[in-house]
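Sequence lines, in order, name chains A and B.
If you use the UniProt record's numbering, the first sequence closes out at 568, no skipped numbers anywhere.
If you use the UniProt record's numbering, the second sequence closes out at 568, no skipped numbers anywhere.
Where chains are identical, the list cannot tell them apart; a pair therefore holds if satisfied intra-copy or between any two copies.
Pairs of lysine-lysine, BS3-like flavour, derived with a Cα cap of 30 Å:
(1) K455 <-> K72
(2) K398 <-> K332
(3) K72 <-> K478
(4) K179 <-> K398
(5) K266 <-> K354
(6) K72 <-> K487
(7) K293 <-> K415
(8) K175 <-> K130
(9) K72 <-> K97
(10) K455 <-> K319
(11) K72 <-> K506
(12) K319 <-> K415
(13) K461 <-> K554
(14) K175 <-> K398
(15) K354 <-> K293
(16) K297 <-> K97
(17) K175 <-> K235
These are calculated hints, taken from the structure and not from any lab test.
Protein chains: 2
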Amino acid sequence: MKDGRNILIVGGVAGGASTAARLRRSSEEDRIIMFEKGPHVSFSNCSLPYYLSGEIEDAEDLVLMDPELFLKQYHIEARVNQEVTAIDRENKFVTVKNLASGESYRESYDKLILSPGAAPIVPNIPGIDKVNLFTVRNVVDIEKLNQYLKAVPSMEAAVIGGGFIGVEVAENLTKAEYKVTLIEGTNQILRPYDYDMVQILHKEISDNGVDFIVEDTVMEFEKDTVVLSSGRRIKAGAVVMAVGVAPETKLAREAGLLLGETKAIKVNSDFQTDDPNIYAVGDAIEVMNALNKQVMKLSLAGPALKEARRAADHINGRKAEELSFIGSSAIKVFELNAAATGLNEAQIAALEPKIEYNFVRIILMDKVGLMPDASPLHFKLFFEVPTGRILGAQAIGKGDVTKRIDVIATAMKFKGSVRDLTELELSYAPPFSTAKDIVNYAGYVGSNLLNGDFKQVNVDKVRGILEEGNLIIDVREKGEYARGHIKGAMNLPLSELRERVSEIPKDRPVYLHCRTGQRSYNAVMALQNLGYQNVYNITGSFLALSYYEYFNDKRLQREKIVTEYNFR
Amino acid sequence: MKDGRNILIVGGVAGGASTAARLRRSSEEDRIIMFEKGPHVSFSNCSLPYYLSGEIEDAEDLVLMDPELFLKQYHIEARVNQEVTAIDRENKFVTVKNLASGESYRESYDKLILSPGAAPIVPNIPGIDKVNLFTVRNVVDIEKLNQYLKAVPSMEAAVIGGGFIGVEVAENLTKAEYKVTLIEGTNQILRPYDYDMVQILHKEISDNGVDFIVEDTVMEFEKDTVVLSSGRRIKAGAVVMAVGVAPETKLAREAGLLLGETKAIKVNSDFQTDDPNIYAVGDAIEVMNALNKQVMKLSLAGPALKEARRAADHINGRKAEELSFIGSSAIKVFELNAAATGLNEAQIAALEPKIEYNFVRIILMDKVGLMPDASPLHFKLFFEVPTGRILGAQAIGKGDVTKRIDVIATAMKFKGSVRDLTELELSYAPPFSTAKDIVNYAGYVGSNLLNGDFKQVNVDKVRGILEEGNLIIDVREKGEYARGHIKGAMNLPLSELRERVSEIPKDRPVYLHCRTGQRSYNAVMALQNLGYQNVYNITGSFLALSYYEYFNDKRLQREKIVTEYNFR
Numbered sequence: 001m002k003d004g005r006n007i008l009i010v011g012g013v014a015g016g017a018s019t020a021a022r023l024r025r026s027s028e029e030d031r032i033i034m035f036e037k038g039p040h041v042s043f044s045n046c047s048l049p050y051y052l053s054g055e056i057e058d059a060e061d062l063v064l065m066d067p068e069l070f071l072k073q074y075h076i077e078a079r080v081n082q083e084v085t086a087i088d089r090e091n092k093f094v095t096v097k098n099l100a101s102g103e104s105y106r107e108s109y110d111k112l113i114l115s116p117g118a119a120p121i122v123p124n125i126p127g128i129d130k131v132n133l134f135t136v137r138n139v140v141d142i143e144k145l146n147q148y149l150k151a152v153p154s155m156e157a158a159v160i161g162g163g164f165i166g167v168e169v170a171e172n173l174t175k176a177e178y179k180v181t182l183i184e185g186t187n188q189i190l191r192p193y194d195y196d197m198v199q200i201l202h203k204e205i206s207d208n209g210v211d212f213i214v215e216d217t218v219m220e221f222e223k224d225t226v227v228l229s230s231g232r233r234i235k236a237g238a239v240v241m242a243v244g245v246a247p248e249t250k251l252a253r254e255a256g257l258l259l260g261e262t263k264a265i266k267v268n269s270d271f272q273t274d275d276p277n278i279y280a281v282g283d284a285i286e287v288m289n290a291l292n293k294q295v296m297k298l299s300l301a302g303p304a305l306k307e308a309r310r311a312a313d314h315i316n317g318r319k320a321e322e323l324s325f326i327g328s329s330a331i332k333v334f335e336l337n338a339a340a341t342g343l344n345e346a347q348i349a350a351l352e353p354k355i356e357y358n359f360v361r362i363i364l365m366d367k368v369g370l371m372p373d374a375s376p377l378h379f380k381l382f383f384e385v386p387t388g389r390i391l392g393a394q395a396i397g398k399g400d401v402t403k404r405i406d407v408i409a410t411a412m413k414f415k416g417s418v419r420d421l422t423e424l425e426l427s428y429a430p431p432f433s434t435a436k437d438i439v440n441y442a443g444y445v446g447s448n449l450l451n452g453d454f455k456q457v458n459v460d461k462v463r464g465i466l467e468e469g470n471l472i473i474d475v476r477e478k479g480e481y482a483r484g485h486i487k488g489a490m491n492l493p494l495s496e497l498r499e500r501v502s503e504i505p506k507d508r509p510v511y512l513h514c515r516t517g518q519r520s521y522n523a524v525m526a527l528q529n530l531g532y533q534n535v536y537n538i539t540g541s542f543l544a545l546s547y548y549e550y551f552n553d554k555r556l557q558r559e560k561i562v563t564e565y566n567f568r
Numbered sequence: 001m002k003d004g005r006n007i008l009i010v011g012g013v014a015g016g017a018s019t020a021a022r023l024r025r026s027s028e029e030d031r032i033i034m035f036e037k038g039p040h041v042s043f044s045n046c047s048l049p050y051y052l053s054g055e056i057e058d059a060e061d062l063v064l065m066d067p068e069l070f071l072k073q074y075h076i077e078a079r080v081n082q083e084v085t086a087i088d089r090e091n092k093f094v095t096v097k098n099l100a101s102g103e104s105y106r107e108s109y110d111k112l113i114l115s116p117g118a119a120p121i122v123p124n125i126p127g128i129d130k131v132n133l134f135t136v137r138n139v140v141d142i143e144k145l146n147q148y149l150k151a152v153p154s155m156e157a158a159v160i161g162g163g164f165i166g167v168e169v170a171e172n173l174t175k176a177e178y179k180v181t182l183i184e185g186t187n188q189i190l191r192p193y194d195y196d197m198v199q200i201l202h203k204e205i206s207d208n209g210v211d212f213i214v215e216d217t218v219m220e221f222e223k224d225t226v227v228l229s230s231g232r233r234i235k236a237g238a239v240v241m242a243v244g245v246a247p248e249t250k251l252a253r254e255a256g257l258l259l260g261e262t263k264a265i266k267v268n269s270d271f272q273t274d275d276p277n278i279y280a281v282g283d284a285i286e287v288m289n290a291l292n293k294q295v296m297k298l299s300l301a302g303p304a305l306k307e308a309r310r311a312a313d314h315i316n317g318r319k320a321e322e323l324s325f326i327g328s329s330a331i332k333v334f335e336l337n338a339a340a341t342g343l344n345e346a347q348i349a350a351l352e353p354k355i356e357y358n359f360v361r362i363i364l365m366d367k368v369g370l371m372p373d374a375s376p377l378h379f380k381l382f383f384e385v386p387t388g389r390i391l392g393a394q395a396i397g398k399g400d401v402t403k404r405i406d407v408i409a410t411a412m413k414f415k416g417s418v419r420d421l422t423e424l425e426l427s428y429a430p431p432f433s434t435a436k437d438i439v440n441y442a443g444y445v446g447s448n449l450l451n452g453d454f455k456q457v458n459v460d461k462v463r464g465i466l467e468e469g470n471l472i473i474d475v476r477e478k479g480e481y482a483r484g485h486i487k488g489a490m491n492l493p494l495s496e497l498r499e500r501v502s503e504i505p506k507d508r509p510v511y512l513h514c515r516t517g518q519r520s521y522n523a524v525m526a527l528q529n530l531g532y533q534n535v536y537n538i539t540g541s542f543l544a545l546s547y548y549e550y551f552n553d554k555r556l557q558r559e560k561i562v563t564e565y566n567f568r
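This is chain A alone, in the form it adopts within the complex:
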């Protein structure tokens, strides 16, 4: 056995632990030491919120591997409660502080991997010491929060920030029967989703008893109270700060390693920092966005594991092509599932140079409608015009949304076009999908748009269309119309379209909708074939409109543009 190298790893969670395990599989002789400043290595970061609701019963379960197991199974030394405080790059050693004893010592390295992660941002808001403030980063954090809450079962809790962690914490605390206020400073939660799509989630959160506030920010804290810019005062025995995370770069910075334009650690395509003996992976680094070719921070577990493997393989002399990311994510929000991949509309609109694009927004059943648990799935997909290249997608529903997004993410990996989606052969049986799956259907709609077969406007334009006095035709049947419709919309059922077509003027734009957009699409095509030039399908139709208007109508107490919402 040849002499091994000293390989040190800073951080023992996703990226660090993965790098260590992969390194070991390539070599028995290397000495691998992993330093973790917390008491646990290899815990399930993303599962932390589920401990609050009791879905995960035991906090110990959150810890996947302990140092003993790392040593025995992988011959990897995992040193917990030990913080790497400095790197001496010239002499290739790190200084480690044993947080239990307070003593510091040195450990020399041949290769060093930084996987310190990102830390919750805690803005310095006046009065911050007047509330019981918590963040959610690790097992210690979540246990602290949980113990505190358990002591006062009727506790009111405020969650500040509507990102993934904020929403998951709000949901799990609600399920544990705490009275939860969720405060988001912008006009929407969960940035990967477009404003029109996210309204479905806004409604879900609001309907589930969360006091859900958008467009309001924390001015200051008073005793057990959050004071908002609007003047609202939220009573909260516990405050969870979840406004975002910042890469842990102190160690790298102090060692003189280069940071990137996002202020995260800069790495090359082999995940080396500007010191070739020092690698960095995970939430602390910036990566390349495969779509807009810009660097970005990406706090996702999947990419961290991919980076870890790449770094380990590079250390062992394996070459690979450059790794860039599109960023796929998923979240459960009460009874709804949501997933997204690639760019959203705001990101596409911000591309430089500008590109022409269009989108598909459809609502279809997630499985055969006859199945007892079938439910509508809202799907939005962006593509470049005229190439059809897929740019991103979002899906929300009770059913299997991650499947559809994963298929799109896979097509995007191969630089697929919306036309390619028509040909995908997806596995079908009534309990799982429909014979023409949502993804195929999106392909057809997108191809039709690329071909110029029809025109559409998105559901977010309906209020404006009405205000401008345009003609909206509701092609649903009379009974459906009676149960709720757009004020001022003309009801002309698809089943009467051909006999009553003379009632539709040819000299002005006509906007058609039905429940989900499928019947109105057929009506649009029929009208075009009958010589109408200026007809538009309203994407998502009445169902999407109900979701789009509901939360803000209630919140702003503004006049509704429908007689009744209809979510069925």
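Fit chain B to the known structure of chain A by using the hints.
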């Protein structure tokens, strides 16, 4: 409005109804008539079995559109109970028999589309009139079967044939508390699955109280009795024949249209028969297999809908590239879900010219293991060597198997390689998947195999390995070993591997396993790095072995090679 064409469609279910709707969207002036010999158009074929269990409560729900709605919404004439009995190609008319009145009439066409489907095969077995025989093709069939069974609630039923329909009927009848015998002539049900994978489903069917018989065929029928070749006699008040389907080619044959080598209707890449005015789609035609470039019959709804759209578009002058198929399918089998795409091992082995291939067979949790409903997912994927091109995949488990197969089917559409799977960014949150999803993991294992990093043998080889007196090492912990292990396997836990490595001989092959193959893979890598040349990972390990042996051990009452099975 210009003069329309007469477009006639034979068959009003998936392919026919889809062609009609697509034709209408391209033109208002064409006269479109759809003939269906049964009483229903546009019913959900694939959902029929679910009516037997009551999951679908009302047979009327199975019918998606009635002729009135076709007429009103699409201006399509759907004539039910009318059978097209002859085609006069020279004079371009068909003869139609009104099955209600018995009268025949002619209808002329400019374009004719054949979508007659496939009919259940009923072999001429002696005594066939001595049992109450049913087939499952349409709503009438399933209502007849259901009514018959309902009249005798304690009915014993036999299902002959373990294809998709046979298995679904057996399951749904079992759920309705009939005593069901499922009889399959070959050694396995559901041909898309390899023998080692399908054992998981064999166990599920057997465990759910179905009297499940393989490798036995029906010799003859006696009064309410099925007599098998083995001599077994199965009492059955109802017999469901589900041994397969044959394309309905009578009409085409009698009109002199060309059939292909599979005896299905031959079409070109625009789904035209050898008469350019006659198209054919759906189960009655043969299509091109994208992987082995051979023609095949493909009785799947998804391809039928794709073909329908292509035929309609060609009639309206739209060109498209050739459409070939890989064949993706899914089925629910009691609590398990199964899905498959592309070629299975038998099909790959039969390829001419022969290709070199390898496979990944792994078992991983379908979502983060901490989630209460997490469960193991069995996954098998074939790829070409050395290109890595993906050839097919199969997945079985309680969780989301169709997602993984759909991702693979998508990668295959783009001619993806197993290496590509490592880079897929799949949407992740603990309720849906793991940060390194099964698909990514399969990519890593496949890449390792391509790189020659390790060797494996499949679980189906274990009995042979034992019989040859080879050394099997079980690297699970002692407690796991005690709860069931391979007879004669040496227990050397991964956690003791390095200190006890001297106990492992270097001069003979060593076969390693653990519960699922992950720890044993780490052990294999460690041993190789310690100088062992001849070590193999047993794919699927003890969990797969338990499934692999269980059903046949019980059935054949043969000596078990394990002390106890373990399915946990």
